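Asker: First to last, the protein sequences are chains V and H.
The opening position of the first sequence corresponds to residue 2 in my numbering, with each subsequent residue numbered one higher.
The opening position of the second sequence corresponds to residue 1177 in my numbering, with each subsequent residue numbered one higher.
Wrong hints could be hidden among the right ones.
Partner residues aside, some chain H positions facing chain V, computed with beta carbon under 10 Å [claimed, not checked]:
# : residue
1 : His1209
2 : Ile1277
3 : Gly1279
4 : Gly1281
To be clear, the hints were calculated from the coordinates, so they are not data collected in a lab.
All figures in this text were calculated on a predicted structure; none of them were measured in a lab.
Ideal Cβ positions, reconstructed from N, Cα and C, are used throughout, including at glycine.
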Amino acid sequence: DVKVTQSSRYLVKRTGEKVFLECVQDMDHENMFWYRQDPGLGLRLIYFSYDVKMKEKGDIPEGYSVSREKKERFSLILESASTNQTSMYLCASSLEYNEQFFGPGTRLTVL
Amino acid sequence: KNEVEQSPQNLTAQEGEFITINCSYSVGISALHWLQQHPGGGIVSLFMLSSGKKKHGRLIATINIQEKHSSLHITASHPRDSAVYICAAAANYGGATNKLIFGTGTLLAVQP
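Take these sequences, add in the hints, and give me the full structure.
Answerer: Here it is in structure tokens:
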């Protein structure tokens, strides 16, 4: 079975802090994605990567950056966390044009 | 107007009932995904379909490409089916992957 893991289930940070969210997948998938999920808005794509060191902006990249130094690992970085970044963050991975496999999510609260 | 619309937003059913969740989309797609999310849990992919119908246990997904419409059916519903069901349209990004455009989900509660 494909396994996608995220570094934390719950995280509380203060405004202005730098936040790292890590995602690791164990099935050699080329594609990895970061989403945020908010009530009434559904899942929205922040960034995705289709190869090591490659990244593409999604629908809401402002305030975020990403890093993919190894194929299995995709990190989401909040350079200076703000309260409007309080959300559920979900990572996913997939092979080309195939179903996406999701991690358990990180619920981030920014105070 | 959202590119992917689901209905209903909330659904309460009695155990054993037949359930239908609808999804309409306005973009060109290569596939349509149905996903399930339990409270506090991660998201699980149920189906990926580009035509016709797929069945897995008590779950059935259909798609009508001409109508740009898909349905998820649950037969003989059970309280453990209670979850959020999410429809997502896979739009071709022109690269080596698809961008998923998500509906806002249908919250299903099946009462015993």
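Asker: All the hints need checking, so say for each whether the structure fits it.
Answerer: We went through each hint and held it up to the structure:
Because the closest C-beta pair between His1209/H and chain V is about 7 Å apart, less than 10 Å, the hint holds. Look at Ile1277/H: its Cβ gets to within about 9 Å of chain V, closer than 10 Å, so that hint holds up. Nearest Cβ of chain V to the Cβ of Gly1279/H: about 6 Å, under the 10 Å cut. The hint holds. Taken as an interface hint, Gly1281/H checks out: its beta carbon lies about 6 Å from the nearest beta carbon of chain V, inside 10 Å.
Hint violations for this structure: none, all hints satisfied.
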